[in-house]
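A.B. asks: Chains as they are written, first to last, in our numbering: chain A, 37 to 183; chain B, 37 to 183; chain C, 37 to 183; chain D, 37 to 183; chain E, 37 to 183; chain F, 37 to 183.
In case anyone wonders, no lab produced these hints; they're calculated from the structure. Errors might be hidden in some of the hints.
The list cannot tell twin chains apart, which means a pair is met if one copy fits it or any two copies do.
[What the hints assert, rightly or not] Only pairs whose alpha carbons sit at most 20 Å apart, straight line, appear in this in silico EDC-like list of lysine to aspartate or glutamate:
1) K173 <-> D89
2) K74 <-> D180
3) K38 <-> D180
4) K173 <-> E49
5) K74 <-> E55
6) K74 <-> E51
7) K173 <-> E47
8) K38 <-> E49
9) K74 <-> D85
10) K38 <-> D89
11) K74 <-> E49
12) K173 <-> E147
13) K38 <-> E169
14) K38 <-> E70
15) K173 <-> E40
16) K74 <-> E177
17) K173 <-> E51
18) K74 <-> E132
19) K74 <-> D146
20) K38 <-> D85
21) K173 <-> D85
So you can see what is in the structure, the chains are spelled out below.
Protein chains: 6
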Amino acid sequence: MKAEVTVQRWEQELEARGETTLERFRRGWARLQEVDGKAGARVVAGLADLAPDLARYLIEFAFGDVYARAGLDLRSREIGTVAMLAALANARPQLEVHLHGALNVGLSQDELVELLIQVGVYAGFPAALNALEAARKVFAERADPGG
Amino acid sequence: MKAEVTVQRWEQELEARGETTLERFRRGWARLQEVDGKAGARVVAGLADLAPDLARYLIEFAFGDVYARAGLDLRSREIGTVAMLAALANARPQLEVHLHGALNVGLSQDELVELLIQVGVYAGFPAALNALEAARKVFAERADPGG
Amino acid sequence: MKAEVTVQRWEQELEARGETTLERFRRGWARLQEVDGKAGARVVAGLADLAPDLARYLIEFAFGDVYARAGLDLRSREIGTVAMLAALANARPQLEVHLHGALNVGLSQDELVELLIQVGVYAGFPAALNALEAARKVFAERADPGG
Amino acid sequence: MKAEVTVQRWEQELEARGETTLERFRRGWARLQEVDGKAGARVVAGLADLAPDLARYLIEFAFGDVYARAGLDLRSREIGTVAMLAALANARPQLEVHLHGALNVGLSQDELVELLIQVGVYAGFPAALNALEAARKVFAERADPGG
Amino acid sequence: MKAEVTVQRWEQELEARGETTLERFRRGWARLQEVDGKAGARVVAGLADLAPDLARYLIEFAFGDVYARAGLDLRSREIGTVAMLAALANARPQLEVHLHGALNVGLSQDELVELLIQVGVYAGFPAALNALEAARKVFAERADPGG
Amino acid sequence: MKAEVTVQRWEQELEARGETTLERFRRGWARLQEVDGKAGARVVAGLADLAPDLARYLIEFAFGDVYARAGLDLRSREIGTVAMLAALANARPQLEVHLHGALNVGLSQDELVELLIQVGVYAGFPAALNALEAARKVFAERADPGG
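Please take these sequences and the hints and turn them into a complete structure.
C.D. replies: Now the structure itself:
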């Protein structure tokens, strides 16, 4: 059966690769710091007592597996993430983290405003308006990092 | 009051610019064809009997006002739109149109698969899995345009 | 404590009223037929084998309690319901039922198209476009009831 | 091809109409003030520094194009908008603006409570409960406009 | 026709049962207190002035009809409700009430953390992260009930 | 700083554990088969050409990391997943897979109907009605596995 054949091939590849969870973790932690900077570290620290394994999965899976992939540049990844979080509109803290992330990987504030205006077309004006409030807060934090 | 002052200034700017709805429409129609190609034309044709004004707003506002703006390149705009539509997950027909659009403005199929994998992190595995089904259909249409 | 006092008062009112579930059911069934007509009856019939109690709750609660209330006219109720279902965008079958319902209580097809165009502003163009496809189907069913 | 024919006809109509963006803006600003009053003006003022063009689109498109249309009365439009924003449940600031708007165009507080109770049937009790908290705040602001 | 036959049978059953709304109310109030404790009473008290009938429907329908049903144990019901509210991610106050409820009917804090980690797989990491913040608050309230 | 200390401790733990991705994969594949059976294998096979890495992440992360955790029994996990997927309502194929999964780990059809009725209270009647349609299909597949 097709799934079994696929699974056997994957097992052989994974055995050849010999990757450990520690390697994924280290790759993810480096990527998380590169993208989200201090805002990412705060998320990790905040989960350390209550659900440390979810923080580990964020590092290992979201950043060590997905964000560390080679096939799409970081700028494009952050554009996609910011657009998603703005459209979902129930992820305000994460939207702020990734607005920082987008600025960290080279997007300008003007480009982010452009992107959030576009959110209005596909997810409605309220989603765009609320995302712009998150951007206002993040831009102010960048202007006054000690604030 | 602040809003009134802003409004007066905007009126002066708009008067100086003298832009007509016809100009917005023409700019939007050109942009829509550039981005969405035949898939966009089908959306317009499909609305022409039932709600022609919504089709006009799509052309005039979504493409003539927003998508025609200079501050963000088309590639980035399509990344944002595809990510949003995949995350919202209730916009399957529009996701297909913009997967075509993303390919039209230069994204590769591999880059789109990367983007949709990333959807899983922020909107959940089901959103990613269903978006990949849309991509499978769109990629097949590109392989066999007469199909 | 406040909740206990409120609860005691409600118990006295409910005792004085003496309403039975049968009365709510009959009131709800009449209202459901008035609003949704055959489309509502199909929903009830469809649930009768698998989850009959959910069908009863739909009749008793949604229509016998809520839709039968006096404080808002049926036309306004259907406008609200159609707008909600179009915005949620994951309730296509229910949107079709209530587009029929809205026509049944006196809204015109043109008014419904107006309402669905407005959905685009608050829930995004995809929600509006998909709701208009539902309207197209419902309007065709009205034009050809035997179809 | 159908879309091209439609587009040509629209261009002729738009040319004959000769409408400018300034006219749309003035019509929209009048409509926004009529519906949302001070709450709408605050939204515009709040965006003026960060994303003035989104505020303009709100005025020109949402109010100058859509809300100014003749085919549906303002009372019905506000019922639809309040119901949508309550159901989406991620648009609290906008829900407050349009609860004010609904009162401005003639709905009573009791009618709005009726509408929000009905939200519970289609979007779940949490959406209704949270929308009623928004209504509580808005009703208090109306009772004490200087508060 | 099928619906009419079903309706007639239900009317006979309801007549034989003779259940009153007062009975549903009493059953629901007992269930609500058993599950949600003080947090549930606060919801009821909070609605008593603005929309008392919605509070009654919550008691009569949500708890007197649905939560009082015999076919699924309370522990399983609370797992389902917490998972839904976390996934919907726009129901923070209700999520807190039902995190209390889940603890009240016997789930441990560790089990709830497990459940919320799992939310990340299906509704995305942001939904899981935000639900864990709600859990942190609820767990602190349990540790310091007078706080 | 707190995050760095946490990260160092995790690195030490992961080094001591020495877990490889192959181990996670094997654990996940076993769990996926236990829970979702053939429906899960079909998902994996379906992704193998287009996005094999997403299928691997589903096995390694969703099942090898999360579903394989010890702190919550499989029955409870499936209740949570079915409730989430029904509430999100944009995950119909995944809802079907996990309705099979819930039956595989010991829930009865009657218990699932109970759970889906409860969805109506928190996510609205449309979500419950549409989830019950999914259940109808899944129950029929169980009755006629060759169908």
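A.B. asks: All the hints need checking, so say for each whether the structure fits it.
C.D. replies: Here's how the hints hold up against the structure:
1. K173 <-> D89: This pair counts as between: shortest inter-copy Cα distance 19 Å, intra-copy 30 Å.
2. K74 <-> D180: So K74 and D180 pass the 20 Å test inside one copy only (14 Å; across, 31 Å).
3. K38 <-> D180: Neither way: K38 and D180 sit 56 Å apart in one copy and 23 Å across, limit 20 Å.
4. K173 <-> E49: Neither, since 46 Å and 28 Å both go past 20 Å.
5. K74 <-> E55: neither (28 Å within a copy, 28 Å between copies)
6. K74 <-> E51: neither (35 Å within a copy, 25 Å between copies)
7. K173 <-> E47: Answer is neither: 47 Å inside a copy and 29 Å across each miss the 20 Å cutoff.
8. K38 <-> E49: Cα proximity of K38 and E49: one copy only (17 Å, versus 37 Å across).
9. K74 <-> D85: Within one copy, since 18 Å is at most 20 Å while 27 Å is not.
10. K38 <-> D89: between (33 Å within a copy, 16 Å between copies)
11. K74 <-> E49: Close neither inside one copy (36 Å) nor across copies (23 Å); limit 20 Å.
12. K173 <-> E147: within (16 Å within a copy, 31 Å between copies)
13. K38 <-> E169: between (49 Å within a copy, 18 Å between copies)
14. K38 <-> E70: Between. Shortest inter-copy distance 18 Å satisfies the 20 Å Cα cut-off; intra-copy 39 Å does not.
15. K173 <-> E40: neither (50 Å within a copy, 25 Å between copies)
16. K74 <-> E177: within (12 Å within a copy, 29 Å between copies)
17. K173 <-> E51: neither (47 Å within a copy, 33 Å between copies)
18. K74 <-> E132: Within one copy, since 12 Å is at most 20 Å while 29 Å is not.
19. K74 <-> D146: neither (22 Å within a copy, 28 Å between copies)
20. K38 <-> D85: For K38 and D85, only the inter-copy Cα distance (11 Å) is at most 20 Å; the intra-copy one is 43 Å.
21. K173 <-> D85: between (27 Å within a copy, 13 Å between copies)
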